[in-house]
Every structure is written in structure tokens, then in C-alpha cells.
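Asker: One-letter residues, chain by chain:
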Amino acid sequence: MFKYAVSLIFRRKLRTLLTSLGITIAVMLMTFILFGMTDLQRAILTQFSSVFKPTDLYVSSQDFTMMGGMMSAPTKEEEEKEEVIINNDIKDEIEDIDGVENVYPMFMITGFDVYLEGDDTPYPTNFVQSVNLSGNDEMYREFQGDNPVLGKEGIFVSKFVSSFFEISQQDIIGKSIFLKSVPQTSFVSGANRNVLGKEYEFKVQGVVDTSSDAFWINTQKALDILVDTGGFVDEDEYLDLIGYSQLLVTTQEEKTLDVEEYMTGEMGLNVISSKTVVEFISTLTSGLTIALIVFGSISALVASIGIINTMIMSIYEQTREIGIIKAIGASNTQVLLIFLIQAGLIGLIGGILGLAISYALMQITDPFLVEVLQEQGFNAIEKFFYFQQLNAIYITLGSILVGIVAGVYPSMKAAKLDPVKALRYE
Amino acid sequence: MSYVQIENLKREYVMNKEVLVEALRGVTFNIEKREIISVVGASGSGKSTLLNILGGLDRGYTGKVMIDERDVKEYNPNFYRRHIVGTIFQQFYLIPSLSVEENILLPMKFTGDKDIEVKKRLDYLLDMVGLEKRRKHFPKELSGGEAQRVAIARSLIDTPKIVLADEPTGNLDSKTGDSIVNLLKEVNKKEEVTVILVTHDRSIAKKTERVITLVDGKNV
Numbered sequence: 000m001f002k003y004a005v006s007l008i009f010r011r012k013l014r015t016l017l018t019s020l021g022i023t024i025a026v027m028l029m030t031f032i033l034f035g036m037t038d039l040q041r042a043i044l045t046q047f048s049s050v051f052k053p054t055d056l057y058v059s060s061q062d063f064t065m066m067g068g069m070m071s072a073p074t075k076e077e078e079e080k081e082e083v084i085i086n087n088d089i090k091d092e093i094e095d096i097d098g099v100e101n102v103y104p105m106f107m108i109t110g111f112d113v114y115l116e117g118d119d120t121p122y123p124t125n126f127v128q129s130v131n132l133s134g135n136d137e138m139y140r141e142f143q144g145d146n147p148v149l150g151k152e153g154i155f156v157s158k159f160v161s162s163f164f165e166i167s168q169q170d171i172i173g174k175s176i177f178l179k180s181v182p183q184t185s186f187v188s189g190a191n192r193n194v195l196g197k198e199y200e201f202k203v204q205g206v207v208d209t210s211s212d213a214f215w216i217n218t219q220k221a222l223d224i225l226v227d228t229g230g231f232v233d234e235d236e237y238l239d240l241i242g243y244s245q246l247l248v249t250t251q252e253e254k255t256l257d258v259e260e261y262m263t264g265e266m267g268l269n270v271i272s273s274k275t276v277v278e279f280i281s282t283l284t285s286g287l288t289i290a291l292i293v294f295g296s297i298s299a300l301v302a303s304i305g306i307i308n309t310m311i312m313s314i315y316e317q318t319r320e321i322g323i324i325k326a327i328g329a330s331n332t333q334v335l336l337i338f339l340i341q342a343g344l345i346g347l348i349g350g351i352l353g354l355a356i357s358y359a360l361m362q363i364t365d366p367f368l369v370e371v372l373q374e375q376g377f378n379a380i381e382k383f384f385y386f387q388q389l390n391a392i393y394i395t396l397g398s399i400l401v402g403i404v405a406g407v408y409p410s411m412k413a414a415k416l417d418p419v420k421a422l423r424y425e
Numbered sequence: 000m001s002y003v004q005i006e007n008l009k010r011e012y013v014m015n016k017e018v019l020v021e022a023l024r025g026v027t028f029n030i031e032k033r034e035i036i037s038v039v040g041a042s043g044s045g046k047s048t049l050l051n052i053l054g055g056l057d058r059g060y061t062g063k064v065m066i067d068e069r070d071v072k073e074y075n076p077n078f079y080r081r082h083i084v085g086t087i088f089q090q091f092y093l094i095p096s097l098s099v100e101e102n103i104l105l106p107m108k109f110t111g112d113k114d115i116e117v118k119k120r121l122d123y124l125l126d127m128v129g130l131e132k133r134r135k136h137f138p139k140e141l142s143g144g145e146a147q148r149v150a151i152a153r154s155l156i157d158t159p160k161i162v163l164a165d166e167p168t169g170n171l172d173s174k175t176g177d178s179i180v181n182l183l184k185e186v187n188k189k190e191e192v193t194v195i196l197v198t199h200d201r202s203i204a205k206k207t208e209r210v211i212t213l214v215d216g217k218n219v
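Protein sequences appear in the order of chains U and V.
For the first sequence, numbering that gives the first Met the number 0 gives the first residue as 0, with consecutive numbering after it.
For the second sequence, numbering that gives the first Met the number 0 gives the first residue as 0, with consecutive numbering after it.
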């Protein structure tokens, strides 16, 4: 019976192929959605884990946190959380938590125009991050340069910055960078404050191999600037009123979770860990995947209408043959099955074609995609598309199911044909 | 008691929701076991209607049709079509994408029986219809006479009690037609089946043991 059903669909090869193409397109869409989103998640996590150790925790004064160019939106709980000033008391308390290895303070400076020596065009962003690499050159593993110890007069720039100023990464080293605070700007590291007009000069000490558009200066220097431009008496006043922008807390491997729980629970701090980021990325990509699957399902629906049409055409053409097989003993259920097998096979052909074409396209486009991603800072990515057997099985089963569901109505129509009328059909 | 008893068989159709057509108007005759008979009549005389009823395809009749002392309506229609009757059509109706032996075995696919005897039966039937060397061929590679022989073998694969042949020579030249009738007679003898041959060709009908003539839905 199966062979007979197969023989029916191959009797009209071109029509079967064209009908299957509807499923093929739907499968290609689904494949790129399912494979692509999983691969994207993997790529982000690979990149993320290359710069963010699982034992690192970031404590932030702000609900909205930026780190390493990665952004995460606040959760409802975070929105309700009162803002905590991360001062030295907090820093000291964290240092005393069991399992904490080191605590590195960090500042984010905004409200500055940034100029390169001999160039009047300001850099179009005014975001400067502070970092203290002294004694901890693994803190930012993406950093490259001859001297990773960032002094007070030094500044690191991203390779994106060097490309903006149209100067090579080698030539920009040693050049002066000027940070000019704009008077009346009332935003200093998250707090309202009148900012005084000041200018600071730095020498480019290294270029960071990332496309994230940022500058990095010494932490103590950043604090000096913030105190200076904000008109604070001294750094103690600044830290008491405004505090650190972030603390990087390094922990012992088995204590990371305990430290995180203590800081969020007992101390009420905003903590970002690799775990929370992984969860966030998973939630984000899962949500996106579902939304895209809904979109892809529309194409599957269109394809199924094509199958219904083909199957109904096929029934008209095979009406007499249905009469014959009924006359030689086929029951209504067997006729139904024959047509459902045909519909399922059309789905299967479309599914396999779609997977094969998608796989070929993925192989062809993968090197280009990896290159683009690496240019965008995903330098840990070596391969983007991976063949996912389980998803391939789901997609194939899904395409068979679409075929069968689309074939239900035509198959029932065929099964119910009166054999006498079917035999007389011209 | 006769093997096939047809008594006051009537079949009416309503055409276009208004016009009543009386296809059979009280047909009555008997057929003995292992008899080979022909039913003749002009177009519209009710031959095909009678064949559909005997083939278990049409149950909307009144009157009585008994096979082996059992009312046809008492049989499960699928069982009846699989095991009681085998049908041969004017246009052979072989499945073009299946080989000769696959076509012959097709009815067995619907019975679900996986009898190892089926293979022997296939070989025997291919030998009987003279197509043992054509078993792997496809219908398009066969002549009309060969195709009808395949159809005869197909009708016999599940050892039916009755073979119904609807104008089996209608699409064949007279010489080939004769050979088909001779084959049906051979089948009748060797297989001990009852053969009911429907034809409009009286010269063909005369070759059978008995002729039933239908005129306007009645046997005369």
C-alpha cells in the first residue's frame, strides 16, 4: 500500500516537486530561525564567556547596566529596587564575604567630548569606562598592547575608535586624546550635578581588539576627574554621595553562587553574573525564536494550502483509480491512508529539500558571517552555523505533519467517493 | 439451490433530483456454481448496474441477491469485494507505476494477508495467463491483450468465488478478444469459479454456457 501511495505521487513528478517547494520554503525559514537563533545564542555565549569569567560578578549602582558593550534591560524586580550608593563601606563589606577573592572598583564617565590630537572632530560618543589593570591583567582579557598596566596619563581606545579617526592601530599609540567636559551638563556618573568645563589630556597606550566604542582610563584618574569636574571637596565626598559605578567582584569557583545570593539578598545590590546574563540571553533568544516561529508558521500555512490544492487535483485525476482500488478490495480507511501517505510524503520531500538547501546555504555563508561577526567584536567565534540533528529531526517531522494535516480533508474526500460513481468518472 | 440467486432485482436512480430512472426493473435469474454465463444487452439495458450490484459496489437495490445461500447485503462490503468476487474491467485499469506482478498482487495489499502461498499463487497465475516472462514489465510495455490477462490474474489472486468481467473484450480486436474469452473459460474450469461476463457482443456471449439478455432493465 505504501509503495502504491509512493507511486501515485511520483506519477506527477513536477507537480509533486512544485507543491513540495512550498514546504521547502517554509522549512528553510524554520531552519534559519531555529538553527540561526540557537547559533546566535551560542555565538553570544561563546563571546561572552571569552570576556566574562563564570566566577566574575558585577555590582552596579544603576539598574541599567552596560559592560563590555553588552546591554541588559532591567527586570521588574530591579526597577523596584532602591538605588544603592556603592561606596567604600559596601566595597569593604563585599571584600569580607566568604569566597570573594578581589574587588575592583570601576567608574563610567559621561558628558565629555573626546578629541584626538590634530583632529577637530569630536568622537560621537562620550562614554568612558575606567579600569585598573594593575596586578590584574586578566580583568579584561580582550586588552592588547605592550603595556597592560594603565597609568594615570594613559588611555586605551578600541579599534573602532582608531578606525573612526582614520588612523592605524599602530599610529594612534602615543597620540594625545583630550577629554573635554561640557559646562552645564548635569549628569555625572548617574547623579545630578553641575559639571564644570575642564579638559584632560591622555596618551594612547594601547588599542583594544574590540569594536565596542569605548575608552578606558585608569580608575584613580577617573575618580580624580569626577571629583574635579563635579566640584566635590574630595574623593570621599564623591564616593559617599555618588559612589562607584560598578564593582568587579572575583570569586572562588564554588562560592560564586553564594556570594551572588548574599549580595543580592542581604545587601540588596544589583548584581550581574555570567549566570544571569546566560539566563537573560536564553530568555531573549527563546522569546525571539517563538515570535519568529509564529512568522514562519504563516509560510507553512501557505504551503499547506498548496498541498490541499494539489491533493484535491490529484483526487479528481485519480477518481476512477480510486473506484478501481475500491472495487478490488480497498476499504475507505485504506484509501484515506493512501492519500495521507501521499500528503505526508510531499511534506517529507519538501522538508528534506528545505533542510538540504538550508544546510548548503549555511555552509556557503558561514565564513562570511563569521568574518562580519568578528568585525563586530565577536572575535571568539570561529564557526556560526552548526548542524543541529535534533532540530533537523523536529523540522522534518514538522514538515511531514504539515503535509498530513493538509491532506486530511482531501483524503477524507477520496475515501468517501462512491466507487460506482468513481468508476463512471470521465 | 443455485449458487447465485437474483430475484426481482430493482434499482432506481433519481437524476437531477427530479427524474426517476429505473435501471433494473425486476431482474430474476439464477447461476449455478462453476457456470460461465454472459449477460448481454444494449447500452442502457442495465448491464453495468447489475454488475455493480453483483460486485458489491452498489447496495441501493431492492429485491434479493443471494450468493451461496447468503444475502449479499449481509457480507461486509470490503470482505465481499476482496474474497467473494474478482472484477475485470473493459479498460484493464492497471496501475501504470506498478509492474505486472505488483499489479496482480495489489488486492493482497488491501487484505493485509501475508500468506507465503501468495508467491506460489502469483507464479501459478502468471503461468496460466502466459505472462511469466513479463512479470517485471510495466503496463505501458504490454499489448491490450496482455494487459487484460494481467487484469484477469489480478482478479483471481485472492481466489474469489465469482469473476465478474465487464466488457473484457471491448477494447481488443476480435482475435485477441477470443483469446481472452478462451482464457476466462480456462479460468472457469481450472479455478472452479463462476464467471459472469457482461458484453454487448453476441458473438462473444455465444461462447459461454448460457446467455442472459437484458432489455430495458429486465431479463428476457
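Treat the hints as calculated values from the structure; they're not laboratory data.
Watch out, some of these pointers could steer you wrong.
Here are the computed lysine to any residue pairs in the SDA-like style, where the Cα-Cα straight-line distance is at most 25 Å [stated by the list, open to error]:
{"no.": "1", "chain 1": "V", "residue 1": "Lys-189", "chain 2": "V", "residue 2": "Tyr-2"}
{"no.": "2", "chain 1": "V", "residue 1": "Lys-108", "chain 2": "V", "residue 2": "Arg-134"}
{"no.": "3", "chain 1": "U", "residue 1": "Lys-52", "chain 2": "U", "residue 2": "Ile-351"}
{"no.": "4", "chain 1": "U", "residue 1": "Lys-2", "chain 2": "U", "residue 2": "Val-276"}
{"no.": "5", "chain 1": "V", "residue 1": "Lys-63", "chain 2": "V", "residue 2": "Lys-108"}
{"no.": "6", "chain 1": "V", "residue 1": "Lys-16", "chain 2": "U", "residue 2": "Val-419"}
{"no.": "7", "chain 1": "U", "residue 1": "Lys-2", "chain 2": "V", "residue 2": "Lys-108"}
{"no.": "8", "chain 1": "U", "residue 1": "Lys-412", "chain 2": "V", "residue 2": "Val-214"}
{"no.": "9", "chain 1": "V", "residue 1": "Lys-132", "chain 2": "U", "residue 2": "Lys-415"}
{"no.": "10", "chain 1": "U", "residue 1": "Lys-12", "chain 2": "V", "residue 2": "Leu-141"}
{"no.": "11", "chain 1": "U", "residue 1": "Lys-420", "chain 2": "V", "residue 2": "Val-117"}
{"no.": "12", "chain 1": "V", "residue 1": "Lys-160", "chain 2": "U", "residue 2": "Gln-333"}
{"no.": "13", "chain 1": "U", "residue 1": "Lys-415", "chain 2": "V", "residue 2": "Ser-96"}
{"no.": "14", "chain 1": "U", "residue 1": "Lys-12", "chain 2": "V", "residue 2": "Phe-137"}
{"no.": "15", "chain 1": "V", "residue 1": "Lys-217", "chain 2": "U", "residue 2": "Val-419"}
{"no.": "16", "chain 1": "V", "residue 1": "Lys-139", "chain 2": "U", "residue 2": "Tyr-424"}
{"no.": "17", "chain 1": "U", "residue 1": "Lys-415", "chain 2": "V", "residue 2": "Gly-25"}
{"no.": "18", "chain 1": "U", "residue 1": "Lys-420", "chain 2": "V", "residue 2": "Gly-25"}
Nothing here was measured: the structure is a model prediction, and the numbers come from that model.
Asker: Does each hint fit the structure? Answer for all of them.
Answerer: Hint-by-hint comparison with the structure:
1. Pair hint Lys-189 of chain V plus Tyr-2 of chain V holds up; C-alpha atoms about 18 Å apart against a cutoff of 25 Å.
2. As the CA atoms of Lys-108 of chain V and Arg-134 of chain V are separated by approximately 18 Å, the hinted pair is consistent with the 25 Å bound.
3. Pair hint Lys-52 of chain U plus Ile-351 of chain U does not hold up; C-alpha atoms about 40 Å apart against a cutoff of 25 Å.
4. Under the criterion of a C-alpha separation no larger than 25 Å, the hint pairing Lys-2 of chain U with Val-276 of chain U is inconsistent with the structure, at around 53 Å.
5. The suggested pairing of Lys-63 of chain V with Lys-108 of chain V is violated, with an alpha-carbon distance near 31 Å, which exceeds 25 Å.
6. Restraint check for Lys-16 of chain V and Val-419 of chain U: the C-alpha separation of about 18 Å stays at or below 25 Å, so the hint holds.
7. About 10 Å separates the Cα atoms of Lys-2 of chain U and Lys-108 of chain V, which keeps this hinted pair within 25 Å; it holds.
8. A hinted pair counts as satisfied when its Cα atoms are at most 25 Å apart, and Lys-412 of chain U with Val-214 of chain V does not qualify at roughly 36 Å.
9. Proximity of Lys-132 of chain V to Lys-415 of chain U is assessed by CA-CA distance (about 38 Å); at most 25 Å being required, the pair is judged violated.
10. A threshold of 25 Å between alpha carbons decides the hint, and for Lys-12 of chain U with Leu-141 of chain V the separation of about 23 Å falls inside it, so the pair holds.
11. At most 25 Å may separate the alpha-carbon atoms for a hinted pair to count; Lys-420 of chain U and Val-117 of chain V exceed this at roughly 31 Å.
12. Using a Cα cut-off of 25 Å, the hinted pair Lys-160 of chain V and Gln-333 of chain U holds, with the two alpha carbons roughly 23 Å apart.
13. For the hint linking Lys-415 of chain U to Ser-96 of chain V, the alpha-carbon distance of about 24 Å falls within 25 Å, and the restraint holds.
14. As the CA atoms of Lys-12 of chain U and Phe-137 of chain V are separated by approximately 18 Å, the hinted pair is consistent with the 25 Å bound.
15. Distance hint between Lys-217 of chain V and Val-419 of chain U is fulfilled; the C-alpha atoms sit about 20 Å from each other, no more than 25 Å.
16. Restraint check for Lys-139 of chain V and Tyr-424 of chain U: the C-alpha separation of about 22 Å stays at or below 25 Å, so the hint holds.
17. The suggested pairing of Lys-415 of chain U with Gly-25 of chain V is violated, with an alpha-carbon distance near 29 Å, which exceeds 25 Å.
18. Between Lys-420 of chain U and Gly-25 of chain V the alpha-carbon distance is near 23 Å, which keeps this suggested pair within the 25 Å criterion.
In terms of the numbered hints stated before, the structure departs from hints 3, 4, 5, 8, 9, 11 and 17, listed from lowest to highest.
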